[in-house]
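With chain A's structure known, arrange chains B, C and D on it following the hints.
Residue numbers (UniProt numbering), protein chains in the order written: chain A, 1 to 372; chain B, 1 to 372; chain C, 1 to 372; chain D, 1 to 372.
Derived by calculation from the structure, the hints in this document are not laboratory data. Any given hint could turn out to be false.
It does not matter which identical chain is used: a pair holds within one copy or between any two.
Said to hold, decoys possible - Calculated pairs, SDA-like style, for lysine to any residue (alpha carbon to alpha carbon, straight line, at most 20 Å): (1) Lys-213 x Ser-122; (2) Lys-37 x Gln-353; (3) Lys-109 x Glu-119; (4) Lys-25 x Asn-234; (5) Lys-252 x Thr-285; (6) Lys-214 x Glu-119; (7) Lys-179 x His-210; (8) Lys-25 x Tyr-114; (9) Lys-2 x Asp-235; (10) Lys-352 x Gln-295; (11) Lys-93 x Leu-164; (12) Lys-198 x Glu-321; (13) Lys-93 x Gln-82; (14) Lys-2 x Asn-234; (15) Lys-25 x Pro-131; (16) Lys-232 x Asn-40; (17) Lys-252 x Gln-82; (18) Lys-283 x Gln-367; (19) Lys-67 x Gln-278.
Protein chains: 4
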Amino acid sequence: MKTQFEVGIIGGGIIGQSIAYQLAKEGVSVLILESNKIGNGATSAAAGMLGANSELENNDAFFQFAKESQQHYHVLRDELSQISQINIQFVDKGMYKLAMTDAEASALKDVVKYHESVEWHSKEVVLESEPTLSATIKGALYIPEDGHVSPYHVCAAFSKSARLLGATILENTPVHEIKKTVTNEYTLSTPVTDFVCKNIVIANGVWSGHFFKKLGLDAGINPVKGECLSIKSNDIGLEKTIFYDHCYIVPKGDGRFVIGATMVEDDWSTVPTIGGIQSLIEKVTPIIPSISSAQLIDTWAGLRPQPIDGKPYIGQHPEGENIYFATGHYRNGILLAPKTGLMIRDLILNRKQNEDYVKAFSVNRLQVQTMR
Amino acid sequence: MKTQFEVGIIGGGIIGQSIAYQLAKEGVSVLILESNKIGNGATSAAAGMLGANSELENNDAFFQFAKESQQHYHVLRDELSQISQINIQFVDKGMYKLAMTDAEASALKDVVKYHESVEWHSKEVVLESEPTLSATIKGALYIPEDGHVSPYHVCAAFSKSARLLGATILENTPVHEIKKTVTNEYTLSTPVTDFVCKNIVIANGVWSGHFFKKLGLDAGINPVKGECLSIKSNDIGLEKTIFYDHCYIVPKGDGRFVIGATMVEDDWSTVPTIGGIQSLIEKVTPIIPSISSAQLIDTWAGLRPQPIDGKPYIGQHPEGENIYFATGHYRNGILLAPKTGLMIRDLILNRKQNEDYVKAFSVNRLQVQTMR
Amino acid sequence: MKTQFEVGIIGGGIIGQSIAYQLAKEGVSVLILESNKIGNGATSAAAGMLGANSELENNDAFFQFAKESQQHYHVLRDELSQISQINIQFVDKGMYKLAMTDAEASALKDVVKYHESVEWHSKEVVLESEPTLSATIKGALYIPEDGHVSPYHVCAAFSKSARLLGATILENTPVHEIKKTVTNEYTLSTPVTDFVCKNIVIANGVWSGHFFKKLGLDAGINPVKGECLSIKSNDIGLEKTIFYDHCYIVPKGDGRFVIGATMVEDDWSTVPTIGGIQSLIEKVTPIIPSISSAQLIDTWAGLRPQPIDGKPYIGQHPEGENIYFATGHYRNGILLAPKTGLMIRDLILNRKQNEDYVKAFSVNRLQVQTMR
Amino acid sequence: MKTQFEVGIIGGGIIGQSIAYQLAKEGVSVLILESNKIGNGATSAAAGMLGANSELENNDAFFQFAKESQQHYHVLRDELSQISQINIQFVDKGMYKLAMTDAEASALKDVVKYHESVEWHSKEVVLESEPTLSATIKGALYIPEDGHVSPYHVCAAFSKSARLLGATILENTPVHEIKKTVTNEYTLSTPVTDFVCKNIVIANGVWSGHFFKKLGLDAGINPVKGECLSIKSNDIGLEKTIFYDHCYIVPKGDGRFVIGATMVEDDWSTVPTIGGIQSLIEKVTPIIPSISSAQLIDTWAGLRPQPIDGKPYIGQHPEGENIYFATGHYRNGILLAPKTGLMIRDLILNRKQNEDYVKAFSVNRLQVQTMR
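Same shape as in the complex, but just chain A (with noise of 0.2 Å):
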């Protein structure tokens, strides 16, 4: 077995998968170390929306690099099913940003003076696009960019790629350990064996936090559980993706709608309860009553990765260790998975960087605010 690299990843989702395939499809050597199974943490549980523009609010840094990954999956689709054959079940007939009152209708509105890529939508233009939508709805927002595709399939696409192009995956393989070699590499302690590697990055969610403690650093990253159910009917015939109030209901191309997603803080389970499941099926059927009479497919739930400020970690270690974090990506680990890609892999390889995301960012931003 080979335990020299050139770059080891912690975490197997689809973060430490998108860096491993561009790193891979560079000629790098790269190792992954999953503690479970490869998707089976936060990107399963996704229901993958690439909300750019309904889940941001601010025209920022982090808006822009949201944009262009979402980008990105249009260049991903073809490359990941060149090589690995599987399709991403990449979706792009936009979305549905519902007003179900006066005043969310004036406020979504509003949003469409700053926002190029997005038009307000009478009820009477919704409804004959949506006709499953209830007829209480007063408007809404439309957003043509922002689509949608299978989170497992993606990281299924992602890994295999890297799989095929030379990356080393392991799954059921915990890093217990970081010790850094007198010849400065990186010795990542595992009950498998011992792996050394010139660069490490940490990619595993909410799992994370450990290693920001034991490298020094103080970046809490918190547990949200997400909870969501899929369901199934011939009499819903949804093109869009539909959110409300935090709720978005995504027909995916297999015949299903994913409805999504609780938000329970602080709960490192992942069982779906039965609470969480009433809660969900209460705020999808005012706006689509004939849900009612679709068929429930399955329940599952995951832990969002959320950081203080609510922006994820990609950067280097700020004492200039060849450590790098992919982590933290709350709601939006799916959206921006592509873009985290590529920016690792320029910063392992010293490529140019856009330093404005370099600065959005880094590990340290919080302590070099209140330094200040």
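Chains B, C and D in isolation, oriented as in the chain A frame:
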């Protein structure tokens, strides 16, 4: 392939399998023709409650029959395990029929006067024994005899035992037509081949209506769809089945709790709907508040075969044909399967019958009553 | 419940759904009666290969029909996604029909002479493009047009599209009897109710035999059970479908490889057996040795409806009744579904037909030939 | 959240749960920290054979311990069902260890001389009792005491009982570090929080190696992957467990037969491979030929924790720390769980111990032997 049998049974649910088992035990050559999969219909949709005392309200022949059938599960548990090695998951820890209002409490206290096998338990006694129940209950009727089994396992055990005792059991084999031969036998036409049987038994639940009509009988059977869900929680330590307002919570021996069931008339679909699940959650949460944090495991639905007067049809064709009926068991198929198997066996083998039962379950009882 | 329809289709597999879709698109009122669940039979058991060139050997009407049907998937992909949002998972990367011996190689090289759409690839070319294939191959016939779809998704997309266009689709609804009314319509008796239709289509695959007989026709259809398995492996990077000795390995867009299928005659069970699985493993391991370390995902079986001469029955009742047949598609149901839907639509709507196809698939072609 | 406990157990498999149950029963405050899901590792991969007599060959302390543990399942069956309502599926019908050659027959006949609890059964006797076995067998050793349980149910019953008796059980909670406090307690660092415990127990199977090392102990544990499959067949009426050449067929009370298990050294993946499944099929088919027509239900794999000398580590840290080990149970985790729970309980509570067991399972037994 053998095509001549003493008895041909149409329907491979728990009723048909119980009959096949009893006949095979007597050395009779038996054939079961199941249009779908063994036990795939109402059988596996049931929760398995043996609610002789809780479900039935009059001390009549039907009640006697139900009690004997319930009792016979004690025999079957050992017999079937001996032959098939399958454990029918018989649990014999009784039931609490709850009172949530004072009016319900006094109604249940009245029951104690007439039924010797039940007791009234005060709120304090109930909560001591079942502390996860809501403190808002008013007490409960304790019914020690109403236990439960796993319908899937009972049906599988009957089926495997019958098979090992020589029965022929065919899945995916609908019976298209029944024709009488010149030798007074019956030809059952199926896609596989034509089978010739001296006696036939109609035991295909809600799908039996067709055969009644074809055989010149007017005994309607309507579907009443029941939706169920199962949950899991390490914090709910329930010993007894809980019953309230047609809703039950059954603690299964594998750690799950089965919660059921809705009653949807004239719906032939077997899809558990979002609306049905929501109504069950709303019904049980006030009874066991901690259910809110339990995990949803599964949801399903089945079609109960409901005869007009709610009683099953168990008996011979009124015109003396060697055609027998064992269908229309409505909410009580699992409870009544053992005794139905014994009764049909005795009818076919011309053994002594309890005439009260023959009358109570006769196929033309409604016409006969009308004529009087 | 609506009980009068222009067209009543018996059978809710891919064939029935394709017909319903084409008719609903023309505004015809359509009813589908499915005795079990939509697409639950041979449809979802199929691997979805569109093997017009690989499966068929003569350049006859059947082959032309198959090629046109294959071609029509390009149209359906977009049409069905537009209406139902379901992605039929059409993959269009061709097939390798392998030669493992010199004799097989020269036989395949001969094919190139007669078929313009295929090429011979030498061992080196094949291994360059598909390096996981065994180095013991002798080369392969490259068939660029033979792609694949996901049968489940095609059937779901037809079904949902038909439904959204107005079709009525009932599950759990076997048709017990077809009777002609005095107004020359047809009454379809079902447990739910009696439906009256001006035209009926028999499209229930291997279960159609009964209706042929009842309608006075002698066109046998026998089951040929096929067992399949699916596997997953990050180390197998297959792009094209691999075909050898009736066995195929289809790389699906979700990362699975579907391997099939056994041929078990006159077996009505749909259980994949240990022996069948073993035989498939023994067949594919020499072709792709690394399959040994792949993960088994699933196993299943279905019943192919085999007519005596291997060609489907697609056409009108020979005596001019408004009864149509669309069944007996044997190994090619997925391939032929699009064109079958179009042809039955045209027959019912009295549109111009290709007479070669009418003759080739006529219900009484065998009797007619015998008479000649 | 409570963060102070008498005992903290690392590992929520059957071993950790057994210990937690015994301690909770004594009123000790217990915490279980499981990095994944309860019982998700080697526990649920096991077939549940209680092979004290069949697996162990010497009449030593290990064998005595195994027999007592096996015996204790009779107690646990009732105790755990009483508290948790979960049925551990204990089946007590014995085992046949087969001879397929004359040499094997005479070896097994020899065993009878030394073991009083076993009998030699001739081919005729064996086939009379188990007629589905191949007629080519030469006879079998009958071991009446070696029954089986359902590991999933045992673990769930321990876990739920411990929980209801007051234990705290956390899933998704890896322990990153163990540190001693100034008051001689132990801090367990986890992503959730830091827990402080007076005693700690290392019970995480193959993942324990890391803690041994960190605690300055040199007791290697290697993974030996075992692949299994389960099948179903109405034609196989097996009563006893069948054992031959490291391969077993266990008749489960739900109608399945569990067949296992391969032995793959130093493989950390938990994926059941096509090659592994094939080898199991090839091994059992000659023993029970009708398995060829059985239905494959499921396949899975798990990692057995193998210590160098094959015996578990059950005992206290050699330097008198309040750190206990209960790991390395290799092929016998289910068998040894009951007695392991009792022994660790007694060690922690300073109760009298069987010194033979203390010696046999001590953590530094190998070093001690070397020194002598």
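In ascending order, which of the hints set out earlier in this document are inconsistent with the structure?
-> Per hint list: 1, 2, 6, 8, 10, 18 and 19 violated.
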